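Position one of the sequence shown corresponds to residue 17 (our numbering), numbered consecutively onward.
Simulated from the structure, these hints should not be mistaken for laboratory data.
A few of these clues could be false.
[To be verified] Taking lysine-lysine pairs in the DSS-like style, the calculated list, with each CA pair at most 27 angstroms apart, reads: (1) 115 with 49; (2) 37 with 49; (3) 115 with 39; (4) 101 with 39; (5) 101 with 22; (6) 115 with 61; (7) 22 with 115; (8) 61 with 49; (9) 33 with 61; (10) 102 with 39; (11) 22 with 61; (12) 101 with 37; (13) 93 with 115; (14) 39 with 49; (15) 102 with 37; (16) 102 with 22; (17) 101 with 49; (18) 115 with 33; (19) 61 with 37; (20) 102 with 49; (21) 102 with 61; (22) 22 with 93; (23) 101 with 61; (24) 102 with 33; (25) 39 with 61; (26) 61 with 93; (27) 39 with 22; (28) 33 with 49; (29) 33 with 101; (30) 93 with 49; (31) 33 with 93; (32) 115 with 102; (33) 115 with 37.
[To be verified] Pair by pair, the computed Cβ-Cβ distance ranges are: (34) 23 with 67: 27 to 33 angstroms; (35) 37 with 91: 32 to 38 angstroms; (36) 42 with 19: 40 to 46 angstroms.
In this text, all values refer to a predicted model and were calculated from it rather than measured experimentally.
We put the CB at the ideal spot given by N, CA and C, even for glycine.
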Amino acid sequence: MASAPKTREFLVIVPDKPGVKDKRLEVRPTHFKNMTPHVDSGDWKMGGALLNTVPADDNPANFDFMGSTLVCRGESKEQILEQLKKDVYVTSGVWDIEKVRGQTRCIECIAN
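Could you put the whole structure together from the sequences, leaning on the hints where they help?
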């Protein structure tokens, strides 16, 4: 009997394309709505915007966005990339998916 492929956690950094702040803010509610199944399944463990500067307040319209970071669970970098390509931040042109960086997290390696 074959065992299921092992899943790993990946730290993913996705830069924004230049000049996309208005588009990011426009599609942000859709991004949050559509990521819910990934979060509920545990495939997307955490994430958030990367900012160029510390914001003066909590209003996203005032943020200086540079991209996003996520901790994703999957069997391979390719599987994670396929998930990300379906996100509205990619399909609407916010994330520069060609410049995505993903590193395998190995917390269990440290703990053992």
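Okay, the hints, checked on the actual structure:
1. For a cut-off of 27 angstroms, the pair hint linking residue 115 to residue 49 stands: about 24 angstroms separates their Cα positions.
2. Under the criterion of a C-alpha separation no larger than 27 angstroms, the hint pairing residue 37 with residue 49 is consistent with the structure, at around 19 angstroms.
3. The hinted pair formed by residue 115 and residue 39 meets the criterion: a straight-line CA distance of about 19 angstroms does not exceed 27 angstroms.
4. Distance hint between residue 101 and residue 39 is fulfilled; the C-alpha atoms sit about 17 angstroms from each other, no more than 27 angstroms.
5. Between residue 101 and residue 22 the CA atoms are separated by roughly 22 angstroms; this keeps the pair inside 27 angstroms, and the hint holds.
6. Distance hint between residue 115 and residue 61 is fulfilled; the C-alpha atoms sit about 21 angstroms from each other, no more than 27 angstroms.
7. With a CA separation close to 26 angstroms, the supplied pair residue 22 and residue 115 stays within the 27 angstroms bound.
8. A distance of roughly 15 angstroms separates the Cα atoms of residue 61 and residue 49; the hinted pair therefore holds under the 27 angstroms criterion.
9. The hinted pair formed by residue 33 and residue 61 meets the criterion: a straight-line CA distance of about 24 angstroms does not exceed 27 angstroms.
10. For the proposed pair residue 102 and residue 39, the alpha carbon gap of about 16 angstroms is at most 27 angstroms, so the pair holds.
11. At most 27 angstroms may separate the alpha-carbon atoms for a hinted pair to count; residue 22 and residue 61 meet this at roughly 17 angstroms.
12. A hinted pair counts as satisfied when its Cα atoms are at most 27 angstroms apart, and residue 101 with residue 37 qualifies at roughly 19 angstroms.
13. Restraint check: the Cα-Cα separation between residue 93 and residue 115 comes to about 14 angstroms, which is no more than 27 angstroms; the hinted pair holds.
14. Taken as a hint, the residue 39 and residue 49 pair is honoured in the structure, with Cα atoms around 16 angstroms apart against an allowance of 27 angstroms.
15. Between residue 102 and residue 37 the CA atoms are separated by roughly 19 angstroms; this keeps the pair inside 27 angstroms, and the hint holds.
16. Among the hinted pairs, residue 102 with residue 22 is consistent with the structure: their alpha-carbon atoms are about 23 angstroms apart, no more than 27 angstroms.
17. For the hint linking residue 101 to residue 49, the alpha-carbon distance of about 16 angstroms falls within 27 angstroms, and the restraint holds.
18. Of the supplied pair hints, the one linking residue 115 and residue 33 holds, its CA atoms being roughly 9 angstroms apart against a limit of 27 angstroms.
19. A distance of roughly 25 angstroms separates the Cα atoms of residue 61 and residue 37; the hinted pair therefore holds under the 27 angstroms criterion.
20. Between residue 102 and residue 49 the alpha-carbon distance is near 13 angstroms, which keeps this suggested pair within the 27 angstroms criterion.
21. Simply put, residue 102 and residue 61 have alpha-carbon atoms about 17 angstroms apart, close enough for the 27 angstroms limit, and the pair holds.
22. Distance check on the hinted pair: residue 22 and residue 93 sit about 13 angstroms apart at the alpha-carbon level, within 27 angstroms; holds.
23. Taking the CA atoms of residue 101 and residue 61, the gap is about 18 angstroms. The hint holds against a cut of 27 angstroms.
24. Of the supplied pair hints, the one linking residue 102 and residue 33 holds, its CA atoms being roughly 17 angstroms apart against a limit of 27 angstroms.
25. Distance check on the hinted pair: residue 39 and residue 61 sit about 25 angstroms apart at the alpha-carbon level, within 27 angstroms; holds.
26. A C-alpha spacing of about 15 angstroms is found between residue 61 and residue 93, which places the hinted pair at or below 27 angstroms, so the restraint holds.
27. The suggested pairing of residue 39 with residue 22 is violated, with an alpha-carbon distance near 37 angstroms, which exceeds 27 angstroms.
28. A threshold of 27 angstroms between alpha carbons decides the hint, and for residue 33 with residue 49 the separation of about 22 angstroms falls inside it, so the pair holds.
29. Straight-line distance between C-alpha atoms of residue 33 and residue 101 comes to about 14 angstroms, which keeps the hinted pair within the 27 angstroms bound.
30. Taken as a hint, the residue 93 and residue 49 pair is honoured in the structure, with Cα atoms around 24 angstroms apart against an allowance of 27 angstroms.
31. With a C-alpha separation of about 21 angstroms, the suggested pairing of residue 33 with residue 93 holds against the 27 angstroms cut-off.
32. Only pairs whose Cα atoms come within 27 angstroms are accepted, and residue 115 paired with residue 102 is accepted, the gap being roughly 16 angstroms.
33. Restraint check: the Cα-Cα separation between residue 115 and residue 37 comes to about 18 angstroms, which is no more than 27 angstroms; the hinted pair holds.
34. Against the hinted window of 27 to 33 angstroms, the Cβ-Cβ separation of residue 23 and residue 67 comes to about 30 angstroms, which satisfies the hint.
35. At roughly 34 angstroms, the beta carbons of residue 37 and residue 91 sit within the given window of 32 to 38 angstroms.
36. Take residue 42 and residue 19: their Cβ atoms lie about 44 angstroms apart, and the range 40 to 46 angstroms holds.
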